[in-house]
Every structure is written in C-alpha cells, then in structure tokens.
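Trainee: Just so you know, we're using the working numbering here: the sequence shown kicks off at 1 and counts up by one.
These are computed hints drawn from the structure, not numbers from a lab. Hints may contain errors.
To be verified - In the DSS-like style, the derived pairs of lysine-lysine whose C-alpha atoms are separated by at most 30 Å in a straight line are:
(1) K180 - K170
(2) K98 - K200
(3) K98 - K170
(4) K170 - K89
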Amino acid sequence: MQKDSIGNIWISTNNGLSCFDPSNNMFRNYTVDDGLSGNEFNRFETFVMANGELIFGGVDGFVIFNPQQVLREKIVSNIVFTGISIFDKPLQWKIDSKNIQAPIGYANHLTLQPGQNVFSISFASLEYRSNSRKNYSINSMDLMKLDKSSPKHEVTYTNLSPGTYTFHVKGSNSNVTWSKNPISMEIIVLPYWYQTLWFKLILLSIITLIMWNIVRFRLQQELKVEKLRNQLQEIL
1 MQKDSIGNIW ISTNNGLSCF DPSNNMFRNY TVDDGLSGNE FNRFETFVMA
51 NGELIFGGVD GFVIFNPQQV LREKIVSNIV FTGISIFDKP LQWKIDSKNI
101 QAPIGYANHL TLQPGQNVFS ISFASLEYRS NSRKNYSINS MDLMKLDKSS
151 PKHEVTYTNL SPGTYTFHVK GSNSNVTWSK NPISMEIIVL PYWYQTLWFK
201 LILLSIITLI MWNIVRFRLQ QELKVEKLRN QLQEIL
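Please build the complete structure, drawing on both the sequences and the hints.
Mentor: Given below as structure tokens:
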C-alpha cells in the first residue's frame, strides 16, 4: 500500500493494482490489460521516488509510473462503424449500393430491403491500447428498447417492423470516461409491397367501394319492393 502526492492510496494485490480516491470513496483497478507487466504483486515491495513516481514489485518485475499521469488519462477515442452484415454476409458499399451509399467507416444510412430482417452492426474504438477494457453503450430507444453497456462491439437485430430507426453508440476508455457525442446511423426498413401505405389505401378504397355498392344495391332493392307494393295497392 502506498500514498501518492495528491492523496490517493495505491494498493497492490494478486490481481493488479487498485487506486482508492478518498475524496469520492471510489476505486480504479489496473491490470495487464492496462499495460502492467503482470497482475500479481509482492506485498511489501513498494517505494515512492523523489519525483513522485511509484514503484511496485511483482512476480513479473517492477512497475514504475507517475500516478498523476495515469489518472489524467481521460481522453476518449473516436468510435467508428467497422462492419454491417445481413444474414451474416458483410456488406460492401460498391456491391451492395442498395443498402449503403458510402464505405462502412463513413456510412450513416442503412437501407434494408424487404425480407432483410436479420442484420448486425459492428463498431470499434480507434484507441489501440487497453482493448479489452473499453466499453460501448448502445442507446436506441426506437430499436427494441435496447439500452446497455457492454465490451462487445457488435449488435444484431431481427424482425424489425418497416420504418425508420436511429442507432446510437458511444465508447469509454479504460478509466470509464464516456465520449460525449455518440455516432449514429439511420436505419430504414423497407416494407413488402403489401405493407406499403399506397397498397393499404388502395385496399381501403376497394373495400369502401364494395361496401358502398352493397348498400346501394340494397337500397335499390328496397325501392323496387316499395314500388311494387304501391302498384299492388293501386290495383286492389
């Protein structure tokens, strides 16, 4: 256990280093995924250098770092779309121009033809470090009420109703600092011809015309019967 120059307490464990911030009672954990040479440290092998750097000894050697520099790492890298698949087949924008009109990394619109009801969107952070420690937050309230935070970088949707949806995703770095501006993609699910508005309007018009003709026929029949009844009364 070691205290740094700004009051944080660093604790060596058998599963990495932990930093406790007394100001908010929060821990931050660091492992090999964050650049440590190993996760297992020796209990009493710790030292504070004159320049404020901390030294911790472990099974895989010594770790020397500036705690303030580590804790200042708050830059969140950009998130980009890396792939779109329909029925597990990756789209290529020059070939699948009916679906996307730009390369995947620049695409912000996806059009799904009728019947293309299983598709996946993948994305990634441009930060090359700490890959397994990055998380992604998917927030698409109009896409099946999905809202989750996960290290997975792909999401799959099935059987969306025809319509227009918006897919949002944002990322975090290893310090769980989230990007302020998510990237988004508009998704248009085209209907079959019998699901279109014009078909429904035509069908409604036909049904209305049929019902009107039925009513008209009945009125004509009633008028004929009434006319015949009047003629019989005149004869009698």
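Trainee: Does K89 sit within 30 Å of K170, going by the straight-line distance between their CA atoms?
Mentor: holds (25 Å)
Trainee: What's the verdict on K98 and K200, does the C-alpha distance respect the 30 Å limit or exceed it?
Mentor: holds (25 Å)
Trainee: Please work out if K98 and K170 have their alpha carbons no farther apart than 30 Å.
Mentor: holds (27 Å)
Trainee: Would the pair K180 and K170 pass a check requiring their Cα atoms to be no farther apart than 30 Å?
Mentor: holds (8 Å)
Violated hints: none; the structure is consistent with every hint.
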